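S.K.: Now for the letters of each chain:
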Amino acid sequence: MSITDNGFSATRRLVLKGAGTVALAGLGVISLDLPAAFAAANDKYPEEAFKQKSEADAIKLLYGRTAELSDKVKMDAPEIAENGAVVPVSVSTTLTDVTSIAFLVSENPNALIASYKIPAGTIPSVANRIKMAKTSNVIVIVEAGGKLYSATKEVKVTVGGCGG
Amino acid sequence: MKPRSAIPVASAALALALLAFATPPVAAADTVDPAADARAFKKFFTDKFPKLKPEDFVNGPYSMNEDLHKQWEEKEQFPPYEFSLEAGKEMFSKPFKNGKSYQDCFPNKGIGIRQNYPYFDEKEGKVVTLELALNRCREANGEAPFSYVKDDMAALTAYMAFTSRGKPFDIKIPKDPRALEAYQKGKEYFYTRRGQLNFSCATCHIQSPGERIRAEVLAPALGILNAMPIYRSEWSGMGTTSRRFTTCNSQIRGVPLDPQADEYRDLEYYLSYVSNGLPISGPGARP
Amino acid sequence: MASTIRVRATSNGDTTEVQALIQHPMDSGFVKDAQGQIIPPHFIQELTFEYDGKAVFVADWGGGISKDPYVKFAFKGGKKGDDLKVSWVDNKGATDTTTAKIQ
Amino acid sequence: MRNTVLKSVLTALLVAGATSAFAASEDDFKAAYAAAEAANKEAGSLRNQWTTTASTLAAAKKAADSGDFDHAVAQAKEAEALAKASIFQATSEKERWKNMEIR
Numbered sequence: 001m002s003i004t005d006n007g008f009s010a011t012r013r014l015v016l017k018g019a020g021t022v023a024l025a026g027l028g029v030i031s032l033d034l035p036a037a038f039a040a041a042n043d044k045y046p047e048e049a050f051k052q053k054s055e056a057d058a059i060k061l062l063y064g065r066t067a068e069l070s071d072k073v074k075m076d077a078p079e080i081a082e083n084g085a086v087v088p089v090s091v092s093t094t095l096t097d098v099t100s101i102a103f104l105v106s107e108n109p110n111a112l113i114a115s116y117k118i119p120a121g122t123i124p125s126v127a128n129r130i131k132m133a134k135t136s137n138v139i140v141i142v143e144a145g146g147k148l149y150s151a152t153k154e155v156k157v158t159v160g161g162c163g164g
Numbered sequence: 165m166k167p168r169s170a171i172p173v174a175s176a177a178l179a180l181a182l183l184a185f186a187t188p189p190v191a192a193a194d195t196v197d198p199a200a201d202a203r204a205f206k207k208f209f210t211d212k213f214p215k216l217k218p219e220d221f222v223n224g225p226y227s228m229n230e231d232l233h234k235q236w237e238e239k240e241q242f243p244p245y246e247f248s249l250e251a252g253k254e255m256f257s258k259p260f261k262n263g264k265s266y267q268d269c270f271p272n273k274g275i276g277i278r279q280n281y282p283y284f285d286e287k288e289g290k291v292v293t294l295e296l297a298l299n300r301c302r303e304a305n306g307e308a309p310f311s312y313v314k315d316d317m318a319a320l321t322a323y324m325a326f327t328s329r330g331k332p333f334d335i336k337i338p339k340d341p342r343a344l345e346a347y348q349k350g351k352e353y354f355y356t357r358r359g360q361l362n363f364s365c366a367t368c369h370i371q372s373p374g375e376r377i378r379a380e381v382l383a384p385a386l387g388i389l390n391a392m393p394i395y396r397s398e399w400s401g402m403g404t405t406s407r408r409f410t411t412c413n414s415q416i417r418g419v420p421l422d423p424q425a426d427e428y429r430d431l432e433y434y435l436s437y438v439s440n441g442l443p444i445s446g447p448g449a450r451p
Numbered sequence: 452m453a454s455t456i457r458v459r460a461t462s463n464g465d466t467t468e469v470q471a472l473i474q475h476p477m478d479s480g481f482v483k484d485a486q487g488q489i490i491p492p493h494f495i496q497e498l499t500f501e502y503d504g505k506a507v508f509v510a511d512w513g514g515g516i517s518k519d520p521y522v523k524f525a526f527k528g529g530k531k532g533d534d535l536k537v538s539w540v541d542n543k544g545a546t547d548t549t550t551a552k553i554q
Numbered sequence: 555m556r557n558t559v560l561k562s563v564l565t566a567l568l569v570a571g572a573t574s575a576f577a578a579s580e581d582d583f584k585a586a587y588a589a590a591e592a593a594n595k596e597a598g599s600l601r602n603q604w605t606t607t608a609s610t611l612a613a614a615k616k617a618a619d620s621g622d623f624d625h626a627v628a629q630a631k632e633a634e635a636l637a638k639a640s641i642f643q644a645t646s647e648k649e650r651w652k653n654m655e656i657r
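Chains as they are written, first to last, in the working numbering: chain F, 1 to 164; chain X, 165 to 451; chain V, 452 to 554; chain L, 555 to 657.
Chain F extracted, bound-state conformation (with noise of 0.2 Å):
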């Protein structure tokens, strides 16, 4: 289930259960940084998440819960990649305390490709050159302040040459 077709009713669930917990804060029944248990925020190797078919699963493994798009996430990527082994892909952000980043690839075996940690004080922008199996969505998660934030874009990729 890729985070776009599905985008308006994530938010609306998103929104609504962050009415929700914020409430719940108010009362200080629950601690808000239930999320942050994930493997995002401690630094052990998120090794299952990388073991994941879906970015969907991968995401939930990685941080517990979807994220959101947002123009504030500019991602910098080819139209065509000039080859599928070394694609150029790069973000950057203005929103702030970002702690963590990560990049997926829908149609690869595994969809998550990295994952970032940004402490403080560490700009919220990255470059790096990722593999990309065929023509997929690329996607970016920034977490921001405890929300998720993302940006998709679709990468052309197929091979070169006359062929065999």
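Keep in mind the hints are simulated off the structure, nothing from the lab.
Because the structure is a prediction, the values reported are computed rather than measured.
Just so it is clear, CB atoms sit at the ideal spot from N, CA and C, and this is done for glycine as well.
One or more of the hints may lead you astray.
[Claimed, not checked] Far from chain X, some chain V residues (derived; all Cβ distances over 10 Å): (1) 453; (2) 470; (3) 471; (4) 487; (5) 491; (6) 503; (7) 519; (8) 528; (9) 531; (10) 534; (11) 536; (12) 542; (13) 546; (14) 548; (15) 553.
[Stated by the list, open to error] The calculated lysine-lysine pairs, modelled on DSBU-like cross-linking and capped at a C-alpha distance of 30 Å, are: (16) F/156 x X/215; (17) X/349 x L/561; (18) F/147 x V/527; (19) F/134 x V/523; (20) F/72 x V/543; (21) X/290 x L/648; (22) V/543 x F/60; (23) X/314 x V/552; (24) V/527 x X/253; (25) V/505 x F/74; (26) F/51 x V/518; (27) V/483 x L/615; (28) F/134 x V/483; (29) F/147 x V/543; (30) V/518 x X/314; (31) V/505 x X/253; (32) L/648 x X/287; (33) L/648 x X/349; (34) F/44 x V/518; (35) X/253 x V/523; (36) F/51 x V/530.
Given chain F, put chains X, V and L in place with the hints provided.
M.R.: For chains X, V and L alone, kept in the frame of chain F given last:
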């Protein structure tokens, strides 16, 4: 080979037959005038791509496509040929077992001379490429020659190219009929169709630079060797001019010749000569 | 053998920009070699950058990162001449570390 | 109904046709293979062999080794056709390359 392949055979033969009758052979000027060829060659490309300055052509496909150019600039910040370049620099200065080193085989200790290769060796009466000269230097000093298409040779030529970066190609054709003949044979190879796909180098690099062949944008023939040796993402490794020639042949289903066959040496001689004046930009990164 | 890590760290007063290129095959375990055998997974799992004792950037990588991996980031602080410690460990337990001077 | 009758007549004819021609023998294969190899050698002298000729020759040999001489002869004939096409290409291009030359 499944019988299905009979169709391409028939179509190839048919295409050949048609071609034979469709275009009557034009009487080419018999005198060989490399200087005029080079001028015409450059003019063809500067007319076809008026926005490009001559030196832009050395960036191959990246000079043809904005999206690719951005990906290239990204790669060039920390280029993938960095390791090969450093290995080449180290190898170049490491003496052979007999104490000599590459510096003793080359003019100016091998630094900043790549733009003069390949050159026509009047003693041998043949074209000598940089890779050939390097292997001959190794053999003259009792060392085993490197493969022409593998990393060691690419690392050495990467370093030598790096020391010549920015220097214009300066290929000379001496007043020797054999040199003129080698140049002409290189030109003939460049324009001759080969392989079952019936392509010549010109089919892709003269007729359709900037177009795509599946995902790859085709480089213009002008300045096509200036960035050699190249790190290709496709090979996820380095490749010399020989590796590029042999892989191009097999892609169009032509059987490649030896990496340093006379035809390839003459082809490199022709292609380098017509790119005279364009700066050396090797080692290069390519898709 | 020379280190597998190439680092370029430049400070412009208040922030330091860091670029790193690491020599590593980064085999994902999904690719076959010429003889048709699967090349087993062999990739860097964690890459850590430390400046005056504390981590300024930690990368957790999977097999989907390109061969000879490259990463670029920036952090506030860091003066010319200071040390930046870079180290990685891969899924086979191999490691390498280097200390670069901020330019 | 008429259509199926037609079809069955047609298949009967085909089957008869196939069996009536005697199955190719090993000698037929050897002759066809030798002819293909000779043509490919000539293409080699013109420095213009095709990779598909070589692979078709190999397929012919493989079929012959497994005793399927019908298939082997067909492949050998096809290899010869490919070799001849590569010879035609080399000879016809001797002059025709000039048409593409930039002057």
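S.K.: Against each hint, give a clear statement of whether it holds in the structure.
M.R.: Results for each hint:
1. The claim that residue 453 of chain V lies off the interface is violated: its Cβ sits roughly 7 Å from the closest Cβ of chain X, which falls inside the 10 Å cut-off.
2. For residue 470 of chain V, the requirement that its beta carbon stay farther than 10 Å from each beta carbon of chain X is not met, with the minimum near 5 Å.
3. With a minimum CB-CB distance of about 8 Å to chain X, residue 471 of chain V fails to clear the 10 Å threshold, and the non-interface call is violated.
4. Under the 10 Å C-beta cut-off, the non-interface status given to residue 487 of chain V relative to chain X holds; the minimum distance is some 19 Å.
5. Every C-beta of chain X lies more than 10 Å from that of residue 491 of chain V, the closest at about 17 Å, which supports listing it as non-interface.
6. Listed as outside the interface, residue 503 of chain V is consistent with that label: its C-beta sits roughly 24 Å from the nearest C-beta of chain X, beyond the 10 Å cut-off.
7. The Cβ of residue 519 of chain V sits about 6 Å from the closest Cβ of chain X, inside the 10 Å cut-off, so the non-interface label is violated.
8. For residue 528 of chain V, the shortest C-beta to C-beta distance to chain X comes to about 22 Å, beyond the 10 Å cut-off, and the non-interface label holds.
9. The claim that residue 531 of chain V lies off the interface holds: its Cβ sits roughly 20 Å from the closest Cβ of chain X, which is beyond the 10 Å cut-off.
10. Look at residue 534 of chain V: its CB is around 20 Å from the nearest CB on chain X, clear of 10 Å, so calling it non-interface holds up.
11. Under the 10 Å C-beta cut-off, the non-interface status given to residue 536 of chain V relative to chain X holds; the minimum distance is some 19 Å.
12. At the 10 Å boundary, the C-beta of residue 542 of chain V stays outside the reach of chain X, the nearest C-beta of that chain being 19 Å off.
13. No beta-carbon of chain X comes within 10 Å of the beta-carbon of residue 546 of chain V; the shortest separation is about 19 Å.
14. At the 10 Å boundary, the C-beta of residue 548 of chain V stays outside the reach of chain X, the nearest C-beta of that chain being 18 Å off.
15. With a cut of 10 Å on Cβ distances, residue 553 of chain V stays outside the contact zone with chain X, its closest approach being about 16 Å.
16. Of the supplied pair hints, the one linking residue 156 of chain F and residue 215 of chain X holds, its CA atoms being roughly 27 Å apart against a limit of 30 Å.
17. At most 30 Å may separate the alpha-carbon atoms for a hinted pair to count; residue 349 of chain X and residue 561 of chain L exceed this at roughly 58 Å.
18. Between residue 147 of chain F and residue 527 of chain V the alpha-carbon distance is near 23 Å, which keeps this suggested pair within the 30 Å criterion.
19. In summary, the hint linking residue 134 of chain F to residue 523 of chain V is supported, as the alpha carbons are separated by about 25 Å, within the 30 Å threshold.
20. For the suggested pair residue 72 of chain F and residue 543 of chain V, the alpha carbons sit about 38 Å apart, so the restraint of at most 30 Å is broken.
21. The hinted pair formed by residue 290 of chain X and residue 648 of chain L meets the criterion: a straight-line CA distance of about 22 Å does not exceed 30 Å.
22. For the hint linking residue 543 of chain V to residue 60 of chain F, the alpha-carbon distance of about 27 Å falls within 30 Å, and the restraint holds.
23. A threshold of 30 Å between alpha carbons decides the hint, and for residue 314 of chain X with residue 552 of chain V the separation of about 34 Å lies outside it, so the pair is violated.
24. Of the pairs offered as hints, the one joining residue 527 of chain V and residue 253 of chain X is violated, with about 35 Å between alpha carbons and a cut-off of 30 Å exceeded.
25. This hinted pair checks out: residue 505 of chain V and residue 74 of chain F have alpha carbons roughly 28 Å apart, not beyond 30 Å.
26. Between residue 51 of chain F and residue 518 of chain V the CA atoms are separated by roughly 19 Å; this keeps the pair inside 30 Å, and the hint holds.
27. Proximity of residue 483 of chain V to residue 615 of chain L is assessed by CA-CA distance (about 28 Å); at most 30 Å being required, the pair is judged to hold.
28. The suggested pairing of residue 134 of chain F with residue 483 of chain V holds, with an alpha-carbon distance near 17 Å, which does not exceed 30 Å.
29. The suggested pairing of residue 147 of chain F with residue 543 of chain V is violated, with an alpha-carbon distance near 34 Å, which exceeds 30 Å.
30. Using a Cα cut-off of 30 Å, the hinted pair residue 518 of chain V and residue 314 of chain X holds, with the two alpha carbons roughly 18 Å apart.
31. Between residue 505 of chain V and residue 253 of chain X, the direct Cα distance comes to roughly 35 Å. Violation of the 30 Å bound is thereby established for this hinted pair.
32. For the hint pairing residue 648 of chain L with residue 287 of chain X, the CA-to-CA distance comes to about 29 Å; that is within 30 Å, so the pair holds.
33. For the proposed pair residue 648 of chain L and residue 349 of chain X, the alpha carbon gap of about 11 Å is at most 30 Å, so the pair holds.
34. Distance restraint check for residue 44 of chain F and residue 518 of chain V: the Cα-Cα separation of roughly 24 Å lies within the 30 Å cut-off, and the hinted pair is therefore satisfied.
35. Distance restraint check for residue 253 of chain X and residue 523 of chain V: the Cα-Cα separation of roughly 26 Å lies within the 30 Å cut-off, and the hinted pair is therefore satisfied.
36. Distance hint between residue 51 of chain F and residue 530 of chain V is unfulfilled; the C-alpha atoms sit about 39 Å from each other, more than 30 Å.
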